[in-house]
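S.K.: Spelled out, the chains give:
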Amino acid sequence: MPAASASALRAWHGRRVVTKPRAESVALIENYLPVKGVHALVKPPQWKRVQKLVRDAVMPLAGYHTATLRTYLKAMLLLAMWADNNGYPLELNVVLSENLVCAFIKQQPFGSFDYEAHLWRLALANHTVSVVATTRSQVTRPKYLAPYSDDELTKLISFANDLSNQHRRETLLTIIALGAGAGISRNRLRGVTAKSIHKHGGETFISSFDLCAKVSPDFVPFLREVAAFQPVGPLVQARGTNLTAYAAEWTTQRRGVPALSGDRLRATYVVALLESEATADVLRWSGLQKLDALQGYLPYVTGNTTTCNHLRKEHRCYTARRN
Amino acid sequence: MLHSQKELKQLIADAERLLDENNTITFIEECISAAAVRSGRPRELSVRALMVALQVQVFDGRFLLTTVPRFLNNLDPATRRRLGITRKNGVTLRQVQHLFERIEKTNYDRSRTDDARYDNLDVLLNKAGTAGAHADANLTTSIAIDSSDIPSWGKDCYRMLFDADKKYIGNERRASDLDAHWRTKGKKGEKKAFFGYDLTAAVTVQEEGGPEVPRAIKSIRFRPATYKTTAMALACATDVAATQGTLGDVLVDREYTQSNHGRDFTLEVRKLGGEPVFGLKLNQVGVSGHVRGAVIIDGQPFSPSLPQSLRVIHRPLPAQTYALNPDAVKKYEDQIAARSIYALVLHSSRRLSDGSLVYKYQCPAAAGKLICPLVASSQFLALGTMPAANPPKVAPLKSVCDSQFRTFTAAELPLSQRHLHGSTAWRKSYARRNEVERLFSNTKDQASENLRRGSIRVRGIVKMGLLVALSLASTNRRLAKSYERRQPKPPKRGRGRPRKHPVIVMAEAIVATDLTRTPLRI
Chain U
1 MPAASASALR
11 AWHGRRVVTK
21 PRAESVALIE
31 NYLPVKGVHA
41 LVKPPQWKRV
51 QKLVRDAVMP
61 LAGYHTATLR
71 TYLKAMLLLA
81 MWADNNGYPL
91 ELNVVLSENL
101 VCAFIKQQPF
111 GSFDYEAHLW
121 RLALANHTVS
131 VVATTRSQVT
141 RPKYLAPYSD
151 DELTKLISFA
161 NDLSNQHRRE
171 TLLTIIALGA
181 GAGISRNRLR
191 GVTAKSIHKH
201 GGETFISSFD
211 LCAKVSPDFV
221 PFLREVAAFQ
231 PVGPLVQARG
241 TNLTAYAAEW
251 TTQRRGVPAL
261 SGDRLRATYV
271 VALLESEATA
281 DVLRWSGLQK
291 LDALQGYLPY
301 VTGNTTTCNH
311 LRKEHRCYTA
321 RRN
Chain L
1 MLHSQKELKQ
11 LIADAERLLD
21 ENNTITFIEE
31 CISAAAVRSG
41 RPRELSVRAL
51 MVALQVQVFD
61 GRFLLTTVPR
71 FLNNLDPATR
81 RRLGITRKNG
91 VTLRQVQHLF
101 ERIEKTNYDR
111 SRTDDARYDN
121 LDVLLNKAGT
131 AGAHADANLT
141 TSIAIDSSDI
151 PSWGKDCYRM
161 LFDADKKYIG
171 NERRASDLDA
181 HWRTKGKKGE
191 KKAFFGYDLT
201 AAVTVQEEGG
211 PEVPRAIKSI
221 RFRPATYKTT
231 AMALACATDV
241 AATQGTLGDV
251 LVDREYTQSN
261 HGRDFTLEVR
271 KLGGEPVFGL
281 KLNQVGVSGH
291 VRGAVIIDGQ
301 PFSPSLPQSL
311 RVIHRPLPAQ
321 TYALNPDAVK
331 KYEDQIAARS
341 IYALVLHSSR
351 RLSDGSLVYK
361 YQCPAAAGKL
371 ICPLVASSQF
381 LALGTMPAAN
391 PPKVAPLKSV
401 CDSQFRTFTA
411 AELPLSQRHL
421 HGSTAWRKSY
431 ARRNEVERLF
441 SNTKDQASEN
451 LRRGSIRVRG
461 IVKMGLLVAL
471 SLASTNRRLA
481 KSYERRQPKP
491 PKRGRGRPRK
501 HPVIVMAEAI
511 VATDLTRTPL
521 RI
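The listed protein sequences correspond, in order, to chains U and L. If you count by the numbering used here, then the first sequence holds residues 1 to 323, one letter each, in order. If you count by the numbering used here, then the second sequence holds residues 1 to 522, one letter each, in order.
Please note: incorrect hints may appear among the correct ones.
[Stated by the list, open to error] Listed next, with one range per pair, are the computed distances between beta-carbon atoms:
{"no.": "1", "chain 1": "U", "residue 1": "Arg168", "chain 2": "L", "residue 2": "Pro373", "range": "29 to 37 Å"}
{"no.": "2", "chain 1": "U", "residue 1": "Asp210", "chain 2": "L", "residue 2": "Arg350", "range": "48 to 56 Å"}
{"no.": "3", "chain 1": "L", "residue 1": "His261", "chain 2": "U", "residue 2": "Val35", "range": "41 to 49 Å"}
{"no.": "4", "chain 1": "L", "residue 1": "Gln379", "chain 2": "U", "residue 2": "Leu163", "range": "25 to 33 Å"}
{"no.": "5", "chain 1": "U", "residue 1": "Val35", "chain 2": "L", "residue 2": "His314", "range": "19 to 27 Å"}
{"no.": "6", "chain 1": "L", "residue 1": "Val329", "chain 2": "U", "residue 2": "Leu291", "range": "48 to 56 Å"}
{"no.": "7", "chain 1": "U", "residue 1": "Ala23", "chain 2": "L", "residue 2": "Ala323", "range": "47 to 55 Å"}
{"no.": "8", "chain 1": "L", "residue 1": "Gly289", "chain 2": "U", "residue 2": "Gln108", "range": "35 to 43 Å"}
Simulated from the structure, these hints should not be mistaken for laboratory data. Virtual Cβ for every residue (Gly too), placed ideally from N, Cα, C.
Start from the sequences and build out the full structure, keeping to the hints where you can.
M.R.: Put into structure tokens, the structure is as follows:
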């Protein structure tokens, strides 16, 4: 085995390698040459540009059998050629990003392309996308700032409550309660304990490391229940990876259950606040830094038109000043 | 060509109709009478007789004056009377030549050097040359403009001069056609050198996606070769705009838009209300500058997030003898399509008081074509939308990235057009320009008007121009007839009782049998 490939393997070994690399698979990747033959896939000048990207992208799957690996090499080559033709930088994190893979898949003629699963597997192996991205429906992009409807939230809580695995049940319920009830999601979940729940003048609040959020009155009993799961220590157990993405895997591809999204849970909280509270309180409790950040939520606000109109006006002034 | 009396009558009627359509004869007579300063015998050959005789001969591709007297003298007495031929001894060649000279002198003053010397000539040729078009030609407002070379019968050469001692003292120019001009051959040999005139014509083309319209000439200019070609094309467009009251697409080749500032053609066409559709020269392809942060490529504004590799796309060039390879064309158009998502989207335009236009363009990410980190709303676009390859990190003030919309004046984007240059839509739109080439080809065809060197054996811009205009009118008439033949005709009404289908006969027989309970009889 060449020294370069050995060092590359060592580098990959620390990452997500499916199985132990096979010597013959590594050799195949190193010697892959699609410029030969009558029906060559790629012309030599373009192959010179994309070969490093193709080999680097497929290397994490070197544990696969060579017959399987050829399909991955071809899929990656087609993606790399497309990215090169469209002027994208030939870097792993760019070419295997969620947006680019989706755009590539969408542009293939219907019925002519069958490498979608391979590409997502490659992206996953290279840690350029989350698990959620690879399993999401490719039809429409979910609105990250769209709040869950009452129906969706009910189904999500019901699904979480019915889980037989205690760890999963408690984790999922906690994520939902903190996200939809107090806008605490993603990294703000870390370090939140049962003692974080406190009161200010009769109102229930919960503190995270950078904010003190008012709990929605409807969610107070639910949050009390959730807090009882872990009376001592953090409400959600820290993991090496993104906890929300980890929990989202449990809800994907479940009939009738909306996919878990930390952003949408938080949007549920922010939109509820916008419908009931004044602007300054919304900013303080939601942890948003700028008025500009509220713009994305405004389309989903149905009630409290005075506050919303005020916000829209302020945003227009802000934009005008900036320009 | 030999014609029966019936055919000849029809041709004469057609010729009179063409000449009366735009009052060509009246105009010539007015010019002659306005310039009449000498006394003498009244002219015996009428303008109508001469013009009708020429027009009928041009229908057959003959332009010779020598055959005119014989033609007129062989007409029946009634037609001769109608045409104003009263001389008992018949028309002579001298009379024909004399009247032709008079027409030339009253419409053109060779001693003048300003552009106004062509005013009368332009009116005369436009009246004569645009007649005969089909009525459906008015269904479109779009035109294609181009010029074609009309070689003169005259010659232009130099003769060596010697003094009394037979010593060479220089060259003397000996031009038998004083109005014609040389056009040198192209640098790459794509055009031959010739001595003669340029015929610039505006020809109807169908609207984009519109119905077929008859090919017809809307306006012409006849000038010495290489004389202000772009200005002549603009004059034709101006004529059409004035006649129609509006102007649609104006299709021209890259010769007319070779100036990067566009002040000589594209901007003026836009002021007239037209939309120029044109090709670009090789030196105009690629990045030509930046305006408010937008990259100007092939005349169009693009987002600065456009990757470098897509900024210059070379179009495939045809070989000397072979047509373009379709695969090469497809590859080129695919690249243009890949680049097109970065093009700023034309949102609206408005006309200023001076007639010039300003355009409002929208950022492609704001328009939903691109995912750009600087545009928050683009983050929610549907999955599969292309991400920007090279987005700027910050949006400079007053740049296209700073706001959803930016306004550009027409002068800032002189080479912009409706479709991106090189795209499939542009190619299909630009292909309509072939109509003008087809028209020139038709007129020069030996089987029809036969407008080529040797057919016309008169010299001078008016004489040649008038015969060329008559041949264009003849082409218009022929194309109008051809268009009329192509139109679907209503089905002829059948005679007698309508025929019944055998199945119906069978069904009626079965029903009748069933009702009467008798054996089936058909």
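S.K.: Next step is simple, just say for each hint if it's right about the structure.
M.R.: Hint check results:
1. Arg168(U) with Pro373(L): 29 to 37 Å: Given a distance of about 35 Å, which is inside 29 to 37 Å, the answer is holds.
2. Asp210(U) with Arg350(L): 48 to 56 Å: Between aspartate 210(U) and arginine 350(L), where Cβ atoms are some 49 Å apart, the hint holds.
3. His261(L) with Val35(U): 41 to 49 Å: 46 Å, holds
4. Gln379(L) with Leu163(U): 25 to 33 Å: 32 Å, holds
5. Val35(U) with His314(L): 19 to 27 Å: Taking Cβ atoms as reference, valine 35(U) and histidine 314(L) lie about 23 Å apart, which means the hint holds.
6. Val329(L) with Leu291(U): 48 to 56 Å: For valine 329(L) and leucine 291(U) the Cβ distance comes to about 52 Å; the hint holds.
7. Ala23(U) with Ala323(L): 47 to 55 Å: Roughly 53 Å apart at Cβ, these two residues keep to the hinted range, so it holds.
8. Gly289(L) with Gln108(U): 35 to 43 Å: 36 Å, holds
Of the hints listed earlier, there is not a single one the structure fails to meet.
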